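K.L.:
Listed here are the chains, written in short residue letters.
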Amino acid sequence: MAYETLAVEKTVAGMTITINRPQQRNSINNKMLEEINRVLDQVEEDDQCRLVVLAGQPGTFCTGMDLEEFSAVKSQSETGPVKLGSNLYMATLKRFTLVPRVVIAVVDGQVMAGGVGLAAASDLVIATPRSQFCLSEALWGLLPAMVTPFLVRRVGFQAAYRMTLTTAPVLSREALEIKLVDEISESPFDSVHRLWLRLSKLSVPTLRNLKEYFRKMWLITESMENIAVSEIERLSSDPKVIENISNYVKYGIFPWDKT
Amino acid sequence: MAYETLAVEKTVAGMTITINRPQQRNSINNKMLEEINRVLDQVEEDDQCRLVVLAGQPGTFCTGMDLEEFSAVKSQSETGPVKLGSNLYMATLKRFTLVPRVVIAVVDGQVMAGGVGLAAASDLVIATPRSQFCLSEALWGLLPAMVTPFLVRRVGFQAAYRMTLTTAPVLSREALEIKLVDEISESPFDSVHRLWLRLSKLSVPTLRNLKEYFRKMWLITESMENIAVSEIERLSSDPKVIENISNYVKYGIFPWDKT
Amino acid sequence: MAYETLAVEKTVAGMTITINRPQQRNSINNKMLEEINRVLDQVEEDDQCRLVVLAGQPGTFCTGMDLEEFSAVKSQSETGPVKLGSNLYMATLKRFTLVPRVVIAVVDGQVMAGGVGLAAASDLVIATPRSQFCLSEALWGLLPAMVTPFLVRRVGFQAAYRMTLTTAPVLSREALEIKLVDEISESPFDSVHRLWLRLSKLSVPTLRNLKEYFRKMWLITESMENIAVSEIERLSSDPKVIENISNYVKYGIFPWDKT
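Residue numbers (the working numbering), protein chains in the order written: chain A, 1 to 259; chain B, 1 to 259; chain C, 1 to 259.
Treat the hints as calculated values from the structure; they're not laboratory data. Among the hints, erroneous ones may be present.
Identical chains blur together in the list; that is why a pair holds if it fits in one copy or across any two.
[To be verified] Pairs of lysine-lysine, DSS-like flavour, derived with a Cα cap of 25 Å:
1) K216 / K10
2) K94 / K240
3) K201 / K31
4) K240 / K250
5) K240 / K211
6) K250 / K10
7) K94 / K211
8) K216 / K250
9) K31 / K216
Please read these numbers as outputs of a predicted model, since none were measured by experiment.
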């Protein structure tokens with residue numbers, strides 16, 4: 001199978017998905033979300049395939065929504081055929097938390113906005129020391145609305161709130177302390193290998209039970225997920241937000257630059 | 001505008017509120033809550049005014065409810081005109097979490113009981129190294145009922161529970177670890193300044209969206225807030241509690257002193 | 001009163017319960033749960049008795065459900081008189097969190113599976129440096145279903161999830177960081193003594209108020225508790241799980257051993 005946005009490798013334990021849009025700094029577009037889900041479909045067909053590793057490029061895990069595509073879509077007619085992938089993004093995060101497989105994010109370098117959600121929704125996150133996580137959405141007048149439920153689940157309310165409000169990067173050491181990262185490692189794939197020695201003992205039915213059960217032990221409900229999708233759609237239709245992003249994409253002007 | 005309990009200073013970014021009841025060790029009374037809300041009213045009238053800093057006296061941020069006033073009110077006839085400010089206190093904490101401005105608590109020294117709530121409900125808390133936080137309520141037969149929702153939100157269940165149960169002071173370093181404090185700084189106003197460089201990029205509508213949204217991402221509901229107010233009113237009407245506090249105010253006798 | 005599974009000592013402050021099944025590595029059976037509840041009944045009859053300390057054997061706090069008894073029960077006829085103590089285990093954890101007394105777990109050494117629940121549901125946990133906590137259930141195809149609500153309450157979602165998924169032991173230092181342990185001490189009974197100097201100032205009614213109130217400030221509801229009991233009953237009736245445990249008890253074969 002061919003992928004436009006990913007490099008996918010079958011390993012002994014499962015599948016390694018490498019986000020492969022270096023020209024776009026590994027930003028997320030609809031195509032990528034579709035392809036990630038296609039890989040997960042494939043994984044789910046094979047009970048021997050129990051590990052999904054999600055990795056990025058050296059120095060850049062994922063920088064969130066592709067602003068150029070966003071801007072292009074938004075400048076098209078409302079009746080145009082292209083749609084934003086909010087629902088699909090949310091569904092992908094949710095799927096990470098429910099798919100009866102182990103999902104490990106291997107992070108090296110920058111993780112921004114929607115990229116933080118991909119990590120937060122993974123079962124485990126292994127990061128290199130030079131990794132950093134940043135929720136920059138509020139600077140554009142947006143919110144990391146779909147990231148929030150999964151980030152709060154992982155790091156608690158205050159750490160998630162602080163990241164969103166301050167928009168300041170969280171370095172790997174702090175990320176470990178707040179549990180956004182589960183392990184810091186110079187060689188994260190070796191860490192995955194080591195973890196797998198133990199994780200491989202869990203069967204697919206056990207992983208299914210475990211993930212379904214833990215969902216019942218926390219705050220996230222379908223209603224909260226719908227609130228999240230509605231909020232991001234509301235905000236990303238705000239003319240001011242569209243203008244902010246468009247000015248950046250076209251002219252490199254940030255919202256807070258004096259005009 | 002003149003304030004009895006506060007010193008209020010307009011700054012470039014917003015307003016700095018300094019709790020100014022050194023004789024009463026910066027304890028909280030109704031007047032202070034009214035005045036804090038008056039400042040917030042003023043702040044909300046001006047979209048340029050986006051930062052609220054809440055500070056205390058050197059060595060004493062705030063020591064909670066004014067026990068002398070409590071005792072005086074409680075010893076009056078039930079039909080008397082004076083009422084306790086439970087609702088107003090709760091409403092003030094809630095307002096900190098929803099007002100579309102950045103609220104930063106600058107803490108130096110002692111923070112007790114209701115003072116912990118003022119910090120916990122702030123968006124960010126910057127504390128000096130000599131700061132300490134103590135929930136002493138249970139010693140009087142009370143509970144930090146209105147503080148709890150906001151404290152649990154900030155530090156999680158166990159840290160909030162442990163503080164309430166043990167009534168032991170939490171020093172700045174531990175406060176940072178449990179996220180009751182966001183930053184420790186020898187010069188907290190410099191830290192505010194540094195934070196503001198970034199925070200100032202957020203617009204009032206974005207702050208409103210952010211705060212309203214995060215409220216939907218956590219446990220606190222109006223129903224929980226009502227439970228909190230009811231509980232504190234119930235406990236503070238308990239004759240044993242009233243006697244405990246009265247004995248302390250009048251004779252300096254603690255509840256656990258042998259009589 | 002005589003106990004089969006415990007050593008119980010009345011102290012000045014309250015009762016010290018020592019789990020006393022060294023031959024069974026301090027595993028939990030129905031009898032032990034009944035006896036712990038019997039001690040709590042006794043404690044509740046005496047308002048002077050306000051402290052319950054739960055301790056284990058040197059090097060082994062508690063290793064969870066007695067697998068031999070489980071296997072014996074399960075191999076009996078379905079209509080047999082013996083029943084598993086899921087409800088009683090859950091009720092015991094819940095009782096720890098609501099009994100108007102201070103419950104302190106003193107942990108030295110191994111804590112596994114259901115033993116983690118006994119610690120997690122205690123008000124405070126003091127552990128020696130050599131202590132470690134492990135949720136091994138998933139290796140058998142089970143889940144720590146009844147432990148989860150109380151563990152999530154104590155350590156947050158991610159730390160509880162990670163322990164369940166990885167089944168890896170958490171050493172004392174990490175246990176302290178995630179707040180599964182409240183204090184590490186070489187001489188934990190001295191720590192209890194020190195804590196008691198302050199805790200002894202709280203009255204029984206205050207402890208009752210405090211515990212009932214904090215229950216309203218968190219996620220655990222009767223409905224969640226019922227989900228937990230149903231899940232463990234469902235999983236422990238799974239023929240595959242029964243076979244896994246039976247093979248281990250009879251032949252020392254682990255589920256992941258090649259056959």
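K.L.:
The structure should be examined with respect to each hint, and the outcome stated for every one.
P.N.:
Taking the hints in turn, this is what the structure says about them:
no. : hint        : in the structure
1   : K216 / K10  : neither (32 Å within a copy, 40 Å between copies)
2   : K94 / K240  : neither (29 Å within a copy, 28 Å between copies)
3   : K201 / K31  : neither (34 Å within a copy, 32 Å between copies)
4   : K240 / K250 : within (15 Å within a copy, 60 Å between copies)
5   : K240 / K211 : between (39 Å within a copy, 19 Å between copies)
6   : K250 / K10  : neither (39 Å within a copy, 38 Å between copies)
7   : K94 / K211  : both (11 Å within a copy, 24 Å between copies)
8   : K216 / K250 : neither (45 Å within a copy, 35 Å between copies)
9   : K31 / K216  : neither (31 Å within a copy, 30 Å between copies)
Checked against the numbered hints given earlier, this structure breaks hints 1, 2, 3, 6, 8 and 9; the rest are met.
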